[in-house]
Amino acid sequence: MADKKTLAFLLMDAPYESARTTTAFRLIDAAARRGHDVSVFCYEGAVALSFAKQAPHANTVHGRDVAQEDHPNPKDWIIALTAQAEKSGGTLTWTNCGLCVDERGVGEAAAGVGRGSPGDFWKMAGAADNTLVIPTRG
Amino acid sequence: MNKKILQVVESAYRATIEEQDDTVMWFTHAIRGGGAQTAVLLRGHAVNYGVKGQDASGIAFGDKKQTQPPDLPGDLTRLIAKGVEVYVVEEDVEARGLVPTDLIGGLIPIKKSVVPGLMARFSLIWQW
Numbered sequence: 147m148a149d150k151k152t153l154a155f156l157l158m159d160a161p162y163e164s165a166r167t168t169t170a171f172r173l174i175d176a177a178a179r180r181g182h183d184v185s186v187f188c189y190e191g192a193v194a195l196s197f198a199k200q201a202p203h204a205n206t207v208h209g210r211d212v213a214q215e216d217h218p219n220p221k222d223w224i225i226a227l228t229a230q231a232e233k234s235g236g237t238l239t240w241t242n243c244g245l246c247v248d249e250r251g252v253g254e255a256a257a258g259v260g261r262g263s264p265g266d267f268w269k270m271a272g273a274a275d276n277t278l279v280i281p282t283r284g
Numbered sequence: 003m004n005k006k007i008l009q010v011v012e013s014a015y016r017a018t019i020e021e022q023d024d025t026v027m028w029f030t031h032a033i034r035g036g037g038a039q040t041a042v043l044l045r046g047h048a049v050n051y052g053v054k055g056q057d058a059s060g061i062a063f064g065d066k067k068q069t070q071p072p073d074l075p076g077d078l079t080r081l082i083a084k085g086v087e088v089y090v091v092e093e094d095v096e097a098r099g100l101v102p103t104d105l106i107g108g109l110i111p112i113k114k115s116v117v118p119g120l121m122a123r124f125s126l127i128w129q130w
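The listed protein sequences derive, respectively, from chains V and E. For reference, each letter of the first sequence is one residue, going 147 to 284 in the numbering used here. For reference, each letter of the second sequence is one residue, going 3 to 130 in the numbering used here.
Keep in mind that a hint or two might mislead.
Heads up, incomplete: computed chain E residues facing chain V, CB under 10 Å, no partners named [stated by the list, open to error]:
1. THR18
2. GLU20
3. GLN22
4. ASP23
5. GLY35
6. ALA62
7. THR69
8. GLN70
9. ASP73
10. ASP77
11. SER115
12. VAL116
13. PRO118
14. GLY119
Result set (DSSO-like, lysine-lysine): computed pairs, CA atoms no more than 27 Å apart in a straight line [what the hints assert, rightly or not]:
15. E:LYS5 x E:LYS113
16. V:LYS233 x V:LYS150
17. E:LYS67 x E:LYS54
18. E:LYS114 x E:LYS6
19. E:LYS66 x V:LYS150
20. V:LYS150 x E:LYS67
21. V:LYS151 x V:LYS233
22. V:LYS199 x E:LYS6
23. V:LYS269 x V:LYS151
24. E:LYS114 x E:LYS5
25. V:LYS233 x E:LYS66
26. V:LYS151 x E:LYS66
27. E:LYS54 x E:LYS84
28. V:LYS233 x E:LYS67
29. V:LYS151 x E:LYS67
30. E:LYS54 x V:LYS199
31. E:LYS84 x E:LYS113
32. E:LYS113 x E:LYS6
33. V:LYS150 x V:LYS269
34. E:LYS54 x E:LYS113
35. E:LYS84 x E:LYS5
36. E:LYS5 x E:LYS54
37. V:LYS233 x V:LYS269
38. E:LYS6 x E:LYS84
Rather than coming from a laboratory, the hints here were simulated on the basis of the structure. Note that beta-carbon positions come from the ideal geometry of N, C-alpha and C, so glycine has one too.
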């Protein structure tokens, strides 16, 4: 890929709290499909996006059982995006802020998710062609 | 509990893809199912929940496709069918270039100036 780029993202919103999460995943998906190398650093509540114990549930309000509801868990989106990046000839590196993980007790992450610090994001940004920070808003 | 509750919904489309619904609409369905006497007031961006023909289908991350996208006007219609009054602030509808025919049936338009009087009919006001 001649125009292969390296992109860095920082996400901050906790799962199931903001439309920004969906937007961020769409951007990452677009980059992964184009074969770019993508680094994602999750800060504060976003570290729970990869929590391994997320589980789908039935939804009686919707009148659907667990299988019918097919409730999304963002950890599965991360796994799918990582596979997509590899399939397209790129990479997706997903790193959680370690202290943010510890204070939330969400240390069990989906396979392939790493642990780091703001210093790692600083390095990601230094190596990237461009960086996008998607912060929490009040 | 026999206190009447008015759910004032202003924050809109917050995590509706992840949740496959709006969390406050879901909450309202749930407590209505438990017998709560409740109504909904849509204001601000949330008036858009009443727009017909919304389609959030088709999203996928890698090969993980969403099979049950949110159906916000459908959820409202089902809430109305359960006997829940759903009000929309007329000025907020107009400010978004919407006209009444853009909206699902059963919504009750209300002027901003009348909202305090509406609130006075309820024991609890929950602003979301």
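Hint-by-hint comparison with the structure:
1. Interface hint at THR18 (chain E): satisfied, since its Cβ lies 7 Å from the closest Cβ of chain V, which is below the 10 Å cut-off.
2. For GLU20 (chain E), the interface hint holds, since its Cβ comes within 10 Å of a Cβ in chain V; the closest pair sits about 5 Å apart.
3. Hint status for GLN22 (chain E) relative to chain V: holds, with the closest Cβ pair at about 7 Å, below 10 Å.
4. The beta carbon of ASP23 (chain E) is positioned within 10 Å of a beta carbon in chain V (closest approach about 7 Å), and the interface hint is therefore held.
5. Interface hint at GLY35 (chain E): satisfied, since its Cβ lies 7 Å from the closest Cβ of chain V, which is below the 10 Å cut-off.
6. This hint holds: ALA62 (chain E) has a C-beta 8 Å from the nearest C-beta of chain V, less than the 10 Å allowed.
7. Annotation: interface hint on THR69 (chain E) holds; nearest CB of chain V at approximately 5 Å, less than 10 Å.
8. About 5 Å separates the beta-carbon of GLN70 (chain E) from the nearest beta-carbon of chain V, less than 10 Å, and the hint is met.
9. Given the 10 Å rule on beta carbons, the hint for ASP73 (chain E) holds: about 9 Å separates it from the nearest Cβ of chain V.
10. The interface hint given for ASP77 (chain E) holds, since its Cβ lies 8 Å from the closest Cβ of chain V, which is under the 10 Å cut-off.
11. Residue-level restraint check for SER115 (chain E) is violated (minimum Cβ-Cβ distance to chain V is 28 Å; threshold 10 Å).
12. With a cut of 10 Å, the hint placing VAL116 (chain E) at the interface with chain V is violated, because the nearest CB-to-CB distance is about 29 Å.
13. Contact between PRO118 (chain E) and chain V, as hinted, is not supported at the beta carbon level, the nearest pair being about 26 Å apart and thus beyond 10 Å.
14. Because the smallest distance between the Cβ of GLY119 (chain E) and any Cβ of chain V comes to about 30 Å, over 10 Å, the interface hint for this residue is violated.
15. Distance check on the hinted pair: LYS5 (chain E) and LYS113 (chain E) sit about 24 Å apart at the alpha-carbon level, within 27 Å; holds.
16. Annotation: proposed proximity of LYS233 (chain V) to LYS150 (chain V) holds, straight-line Cα distance about 14 Å (limit 27 Å).
17. A threshold of 27 Å between alpha carbons decides the hint, and for LYS67 (chain E) with LYS54 (chain E) the separation of about 24 Å falls inside it, so the pair holds.
18. Taken as a hint, the LYS114 (chain E) and LYS6 (chain E) pair is honoured in the structure, with Cα atoms around 21 Å apart against an allowance of 27 Å.
19. For the proposed pair LYS66 (chain E) and LYS150 (chain V), the alpha carbon gap of about 24 Å is at most 27 Å, so the pair holds.
20. Distance check on the hinted pair: LYS150 (chain V) and LYS67 (chain E) sit about 26 Å apart at the alpha-carbon level, within 27 Å; holds.
21. Between LYS151 (chain V) and LYS233 (chain V), the direct Cα distance comes to roughly 16 Å. Compliance with the 27 Å bound is thereby established for this hinted pair.
22. The straight-line distance between the Cα atoms of LYS199 (chain V) and LYS6 (chain E) is roughly 38 Å, outside the 27 Å bound, and the hint therefore fails.
23. Under the criterion of a C-alpha separation no larger than 27 Å, the hint pairing LYS269 (chain V) with LYS151 (chain V) is consistent with the structure, at around 16 Å.
24. About 24 Å separates the Cα atoms of LYS114 (chain E) and LYS5 (chain E), which keeps this hinted pair within 27 Å; it holds.
25. This hinted pair checks out: LYS233 (chain V) and LYS66 (chain E) have alpha carbons roughly 14 Å apart, not beyond 27 Å.
26. A C-alpha spacing of about 24 Å is found between LYS151 (chain V) and LYS66 (chain E), which places the hinted pair at or below 27 Å, so the restraint holds.
27. A threshold of 27 Å between alpha carbons decides the hint, and for LYS54 (chain E) with LYS84 (chain E) the separation of about 19 Å falls inside it, so the pair holds.
28. At most 27 Å may separate the alpha-carbon atoms for a hinted pair to count; LYS233 (chain V) and LYS67 (chain E) meet this at roughly 17 Å.
29. At most 27 Å may separate the alpha-carbon atoms for a hinted pair to count; LYS151 (chain V) and LYS67 (chain E) meet this at roughly 26 Å.
30. A distance of roughly 37 Å separates the Cα atoms of LYS54 (chain E) and LYS199 (chain V); the hinted pair therefore is violated under the 27 Å criterion.
31. Using a Cα cut-off of 27 Å, the hinted pair LYS84 (chain E) and LYS113 (chain E) holds, with the two alpha carbons roughly 24 Å apart.
32. For a cut-off of 27 Å, the pair hint linking LYS113 (chain E) to LYS6 (chain E) stands: about 21 Å separates their Cα positions.
33. Between the alpha carbons of LYS150 (chain V) and LYS269 (chain V) the distance comes to roughly 19 Å, so the proposed pair stays at or under 27 Å and holds.
34. For the proposed pair LYS54 (chain E) and LYS113 (chain E), the alpha carbon gap of about 21 Å is at most 27 Å, so the pair holds.
35. With a C-alpha separation of about 18 Å, the suggested pair LYS84 (chain E) and LYS5 (chain E) falls inside the 27 Å cut-off, and the hint holds.
36. The straight-line distance between the Cα atoms of LYS5 (chain E) and LYS54 (chain E) is roughly 32 Å, outside the 27 Å bound, and the hint therefore fails.
37. Between LYS233 (chain V) and LYS269 (chain V), the direct Cα distance comes to roughly 25 Å. Compliance with the 27 Å bound is thereby established for this hinted pair.
38. A C-alpha spacing of about 15 Å is found between LYS6 (chain E) and LYS84 (chain E), which places the hinted pair at or below 27 Å, so the restraint holds.
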